[in-house]
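Take the sequences, apply the hints, and build the full model.
Protein chains: 2
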Amino acid sequence: MEQALLGSNGRAATTLFNVNPKSNPRRPSSVRMPVATAVAKPCTRPSGRWEAIHAEIEAHLKKAIPVKPPPVVSEPMHHLTFAAPQSTAPALCVAACELVGGGRDQAMPAAAALHIIRAAAVAHENLPLTDRPEIRPPVAHAFGPHVELMTGDGMVPFGFELLAGSDDPARGNSERVLRAIVEITRAAGSQGTVYGQYHEVEYLLSRRRDRRDPEWADHVWAKKEGELHACAAACGAILGGGTEEEIEGLRRYGFYVGMIRGMVVHGGGRREDGAMKTVEDMKKLALKALHGFDEGKVEAVASILDANMC
Amino acid sequence: MEQALLGSNGRAATTLFNVNPKSNPRRPSSVRMPVATAVAKPCTRPSGRWEAIHAEIEAHLKKAIPVKPPPVVSEPMHHLTFAAPQSTAPALCVAACELVGGGRDQAMPAAAALHIIRAAAVAHENLPLTDRPEIRPPVAHAFGPHVELMTGDGMVPFGFELLAGSDDPARGNSERVLRAIVEITRAAGSQGTVYGQYHEVEYLLSRRRDRRDPEWADHVWAKKEGELHACAAACGAILGGGTEEEIEGLRRYGFYVGMIRGMVVHGGGRREDGAMKTVEDMKKLALKALHGFDEGKVEAVASILDANMC
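In the order they appear, the protein sequences are chains A and B. All letters in the first sequence, in the order written, are residues 1 to 310 by the numbering used here. All letters in the second sequence, in the order written, are residues 311 to 620 by the numbering used here.
Calculated directly from the structure, the hints in this document are not laboratory data. Just so it is clear, CB atoms sit at the ideal spot from N, CA and C, and this is done for glycine as well. It is possible that some hints are incorrect.
[Stated by the list, open to error] Selected chain B positions facing chain A (Cβ under 10 Å, derived; list incomplete): (1) 362; (2) 364; (3) 383; (4) 439; (5) 449; (6) 461; (7) 467; (8) 468; (9) 469; (10) 472; (11) 489; (12) 499; (13) 511.
Below, the structure written as structure tokens:
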């Protein structure tokens, strides 16, 4: 199952999910992820460690976002950055960096970039458009569509600026920073989050028309959550100076964390047969991806599998 | 006049234009740039040199844009990338790189990134939104708003990917590439293009309400064209290995080129007293910014002042 999901080179999701879902005979039916399927399970509260990392990323962002005039620019940017539902991806980036021996500060700009770039994507997917009927639960808009569109457009370059500007010639980390930028551009771009958003709208429209097409559904969490978390964990490992083996192990781990998060947290509240078993299978694969790391340290990263259950 | 426009540190537009236009007592009235003012002047056709650079950037982009499935992603990206009105900024980036002794290939990824990121901004400013009435001449849309929104969202990370991925450890150019990324994030972001787009809508709405506020107008070309061209020329100089003096000289030059381009090409067809004189003053300042460069090479860059007149 792991090879089927990851492809022969072990790179999470890039081979399997970049092809047209309708023409992919290699996808085993047992790993289908229904978009609107939640798994009923008792919640575990996020641990203090994860909450502390989230708080640190938020503090970093609050300090970084310019409070330059005019307020019409800085206020919506502050609002949309922190209004988006919290993602586990930025915190996973920090934890992955620490697991490979890096310091928290080495991953913080990448974690902040991941947070702000994802928040911009959330703002744009909630924009009311003339050809995109309201297919999700209505969202409260603090600003009009024009300001929310432009603010999202300003947030993405700002995220990349935070990361590119963290280059420190004294540390000689330029190449790591550039590699992390490429990772994030791919996860956020037209073969990543944007592709997932497109599939999600198609899927939700097909449900509305009572012509639900589950094939589309498989790809939404892979693109919107699986690949985002895979990228986040890989970036942490890259910036922390991990080996190629560690980077790819954490990429696989992140992919499963994201898929589980998509199914369990964003699932939508309905229970579906087999979903619980799929989540359990994914947890096993996630833990397997952490084999070979320092056993004394691995629990700090693995605990996200419980922390992200609610 | 030059100091008034550029600020005491010589960095084009960053000091002067980041403040609220309504509260800026330092702006001399003689440098006001009316948004919708064109200067009637016989056209000079772009020279073969500039056309050749444009063609090379376009070929680079055509090769770079993925033709991966599904067509719903790659077709709109191709279309919107090349549908935007041509900008002189990417070609200026290449020419600036050559002026400081760099090779054309060193600037090509940055030029391509500038092209695609600006094209995404054009796509988003043409999106029909419920709170943004049609204030510009109507634009033909090849795709619906949902696809055009998402495609623009994919184009920006792709532009940064092109640039970040051009890092070549053998050349040791990582720090230059990172510096160029920071330059572009600033020119494209909430203090750059996005700010200009916001001002432009305010200005066009005020004209429509017959309460034209010329103070807003000053900022539109500074943000949308002046700073974009300043960034492009500075990026070319950075990537070509220019000195700090050369980088700042070319930044000033680019700023004036962009301002002239904004006034003359995008002006809107109306003639206004004083505009022609302002353009001539700007040309002089632009040429002054090129003092100190190799006289034998400078004409190749200065010729854009004629080439961009139509």
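Results for each hint:
Restraint check, residue 362(B) versus chain A: the minimum CB separation of about 29 Å is more than 10 Å; hint violated. With 10 Å as the threshold, the beta carbon of residue 364(B) stays out of range of chain A, its nearest partner Cβ sitting at about 24 Å, so the hint is violated. Here the hint on residue 383(B) is kept, as its CB sits about 5 Å from the closest CB of chain A, short of 10 Å. Because the beta carbon of residue 439(B) sits about 4 Å from the nearest beta carbon in chain A, less than 10 Å, this interface hint is met.
Among the interface hints, the one on residue 449(B) is violated; its C-beta lies about 14 Å from the nearest C-beta in chain A, farther than the 10 Å criterion. Here the hint on residue 461(B) is kept, as its CB sits about 7 Å from the closest CB of chain A, short of 10 Å. Here the hint on residue 467(B) is kept, as its CB sits about 4 Å from the closest CB of chain A, short of 10 Å. Checking residue 468(B) against chain A by beta carbon gives a least distance of about 5 Å; that is within 10 Å, so the hint holds.
The beta carbon of residue 469(B) is positioned within 10 Å of a beta carbon in chain A (closest approach about 8 Å), and the interface hint is therefore held. Annotation: residue 472(B) was flagged as interfacial toward chain A, and the flag holds, the nearest CB pair being 9 Å apart, inside 10 Å. Taking 10 Å as the C-beta contact cut-off toward chain A, the hint placing residue 489(B) at the interface holds, the least distance being around 8 Å. The closest approach between the C-beta of residue 499(B) and any C-beta of chain A is roughly 4 Å, which is under the 10 Å cut-off, so the hint is satisfied.
A cut of 10 Å between beta carbons decides the hint on residue 511(B): the least distance to chain A is about 7 Å, and the hint holds.
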